[in-house]
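Enquirer: Listed below are the residues making up each chain.
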Amino acid sequence: EDQVTQSPEALRLQEGESSSLNCSYTVSGLRGLFWYRQDPGKGPEFLFTLYSAGEEKEKERLKATLTKKESFLHITAPKPEDSATYLCAVQAGTSGTYKYIFGTGTRLKVLA
Amino acid sequence: DTGVSQDPRHKITKRGQNVTFRCDPISEHNRLYWYRQTLGQGPEFLTYFQNEAQLEKSRLLSDRFSAERPKGSFSTLEIQRTEQGDSAMYLCASSWTGGYGYTFGSGTRLTVV
Numbered sequence: 001e002d003q004v005t006q007s008p009e010a011l012r013l014q015e016g017e018s019s020s021l022n023c024s025y026t027v028s029g030l031r032g033l034f035w036y037r038q039d040p041g042k043g044p045e046f047l048f049t050l051y052s053a054g055e056e057k058e059k060e061r062l063k064a065t066l067t068k069k070e071s072f073l074h075i076t077a078p079k080p081e082d083s084a085t086y087l088c089a090v091q092a093g094t095s096g097t098y099k100y101i102f103g104t105g106t107r108l109k110v111l112a
Numbered sequence: 001d002t003g004v005s006q007d008p009r010h011k012i013t014k015r016g017q018n019v020t021f022r023c024d025p026i027s028e029h030n031r032l033y034w035y036r037q038t039l040g041q042g043p044e045f046l047t048y049f050q051n052e053a054q055l056e057k058s059r060l061l062s063d064r065f066s067a068e069r070p071k072g073s074f075s076t077l078e079i080q081r082t083e084q085g086d087s088a089m090y091l092c093a094s095s096w097t098g099g100y101g102y103t104f105g106s107g108t109r110l111t112v113v
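Residue numbers (the working numbering), protein chains in the order written: chain X, 1 to 112; chain D, 1 to 113.
If we strip away everything but chain X, and leave its shape as in the complex, we get (with noise of 0.2 Å):
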């Protein structure tokens, strides 16, 4: 069964602490990678899309890679804002299916 794993659930961090948060996924056939973002209340944000080991896209402080088991959220000097819930999704399966695999996500705060 495909599956789709985040750690850690939850991190603290201080202001301008970097770290880096691990989406781990066990798939057929893997498709596309996808981080999102998500506020309280609201709706995820798209971040990245990588589609094949050794990919790497970059966004102001966040950076993430894909390996063939896992992919890497990096947050460099995070900002209060950053704080939100990074979520993992995989698109993955026959060319027919359009589905994401979500993971639990990871609840980052990052302190002043």
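Hints listed in this document are in silico derivations from the structure and should not be mistaken for laboratory results.
Honestly, I wouldn't trust all of these hints.
Lysine-lysine pairs mimicking DSS-like chemistry, simulated, CA-CA at most 30 Å apart [as the list claims (entries may be wrong)]:
no.: 1; chain 1: D; residue 1: Lys71; chain 2: X; residue 2: Lys68
no.: 2; chain 1: X; residue 1: Lys57; chain 2: X; residue 2: Lys99
no.: 3; chain 1: X; residue 1: Lys57; chain 2: X; residue 2: Lys109
no.: 4; chain 1: X; residue 1: Lys79; chain 2: X; residue 2: Lys42
no.: 5; chain 1: X; residue 1: Lys109; chain 2: X; residue 2: Lys68
no.: 6; chain 1: X; residue 1: Lys99; chain 2: D; residue 2: Lys71
no.: 7; chain 1: X; residue 1: Lys68; chain 2: D; residue 2: Lys14
no.: 8; chain 1: X; residue 1: Lys79; chain 2: X; residue 2: Lys63
no.: 9; chain 1: X; residue 1: Lys42; chain 2: X; residue 2: Lys63
no.: 10; chain 1: X; residue 1: Lys59; chain 2: X; residue 2: Lys109
no.: 11; chain 1: X; residue 1: Lys63; chain 2: D; residue 2: Lys57
no.: 12; chain 1: X; residue 1: Lys109; chain 2: X; residue 2: Lys63
no.: 13; chain 1: X; residue 1: Lys79; chain 2: X; residue 2: Lys109
no.: 14; chain 1: D; residue 1: Lys57; chain 2: D; residue 2: Lys14
no.: 15; chain 1: X; residue 1: Lys59; chain 2: X; residue 2: Lys42
no.: 16; chain 1: X; residue 1: Lys57; chain 2: X; residue 2: Lys42
no.: 17; chain 1: X; residue 1: Lys109; chain 2: X; residue 2: Lys69
no.: 18; chain 1: D; residue 1: Lys71; chain 2: D; residue 2: Lys57
no.: 19; chain 1: X; residue 1: Lys109; chain 2: X; residue 2: Lys42
no.: 20; chain 1: X; residue 1: Lys63; chain 2: X; residue 2: Lys99
no.: 21; chain 1: D; residue 1: Lys14; chain 2: X; residue 2: Lys79
no.: 22; chain 1: X; residue 1: Lys42; chain 2: D; residue 2: Lys57
no.: 23; chain 1: D; residue 1: Lys57; chain 2: X; residue 2: Lys69
no.: 24; chain 1: X; residue 1: Lys79; chain 2: D; residue 2: Lys11
no.: 25; chain 1: X; residue 1: Lys79; chain 2: X; residue 2: Lys69
no.: 26; chain 1: D; residue 1: Lys11; chain 2: X; residue 2: Lys68
no.: 27; chain 1: X; residue 1: Lys79; chain 2: X; residue 2: Lys57
Position chain D relative to chain X; hints supplied.
Expert: Chain D in isolation, oriented as in the chain X frame:
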């Protein structure tokens, strides 16, 4: 275009009542998705439309749930005979063919009392 719109934002209903939610996707997007999210969990796939055709449904979508997308524009999700276990955030998202990543709406939070 201001993104994906969902209405209502919040809905409180009594157990056994029927509820209907509406989603207006981004106008250029031909794909529309419904997900359900409970507290502390990631979104779970419910169903997906390409234009007006419903192409995929999750096993989570029991007979009490029905979704439509008439004319390939807005979509509705109806839950009949609501149960307390239906309490969740219902998220709609849209994308276009070949698009990278969905755009989600802000969701409809359903509370069944």
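Enquirer: Hint by hint, note whether the structure agrees.
Expert: Here is how each hint holds up against the structure:
no.: 1; hint: Lys71/D - Lys68/X; in the structure: violated (40 Å)
no.: 2; hint: Lys57/X - Lys99/X; in the structure: holds (22 Å)
no.: 3; hint: Lys57/X - Lys109/X; in the structure: holds (23 Å)
no.: 4; hint: Lys79/X - Lys42/X; in the structure: holds (20 Å)
no.: 5; hint: Lys109/X - Lys68/X; in the structure: holds (29 Å)
no.: 6; hint: Lys99/X - Lys71/D; in the structure: holds (22 Å)
no.: 7; hint: Lys68/X - Lys14/D; in the structure: violated (47 Å)
no.: 8; hint: Lys79/X - Lys63/X; in the structure: holds (15 Å)
no.: 9; hint: Lys42/X - Lys63/X; in the structure: holds (23 Å)
no.: 10; hint: Lys59/X - Lys109/X; in the structure: holds (19 Å)
no.: 11; hint: Lys63/X - Lys57/D; in the structure: violated (33 Å)
no.: 12; hint: Lys109/X - Lys63/X; in the structure: holds (18 Å)
no.: 13; hint: Lys79/X - Lys109/X; in the structure: holds (9 Å)
no.: 14; hint: Lys57/D - Lys14/D; in the structure: holds (26 Å)
no.: 15; hint: Lys59/X - Lys42/X; in the structure: holds (21 Å)
no.: 16; hint: Lys57/X - Lys42/X; in the structure: holds (24 Å)
no.: 17; hint: Lys109/X - Lys69/X; in the structure: holds (26 Å)
no.: 18; hint: Lys71/D - Lys57/D; in the structure: holds (19 Å)
no.: 19; hint: Lys109/X - Lys42/X; in the structure: holds (17 Å)
no.: 20; hint: Lys63/X - Lys99/X; in the structure: holds (24 Å)
no.: 21; hint: Lys14/D - Lys79/X; in the structure: violated (42 Å)
no.: 22; hint: Lys42/X - Lys57/D; in the structure: holds (24 Å)
no.: 23; hint: Lys57/D - Lys69/X; in the structure: holds (27 Å)
no.: 24; hint: Lys79/X - Lys11/D; in the structure: violated (34 Å)
no.: 25; hint: Lys79/X - Lys69/X; in the structure: holds (29 Å)
no.: 26; hint: Lys11/D - Lys68/X; in the structure: violated (42 Å)
no.: 27; hint: Lys79/X - Lys57/X; in the structure: holds (20 Å)
The structure fails to meet hints 1, 7, 11, 21, 24 and 26 from the earlier list, while all remaining hints are met.
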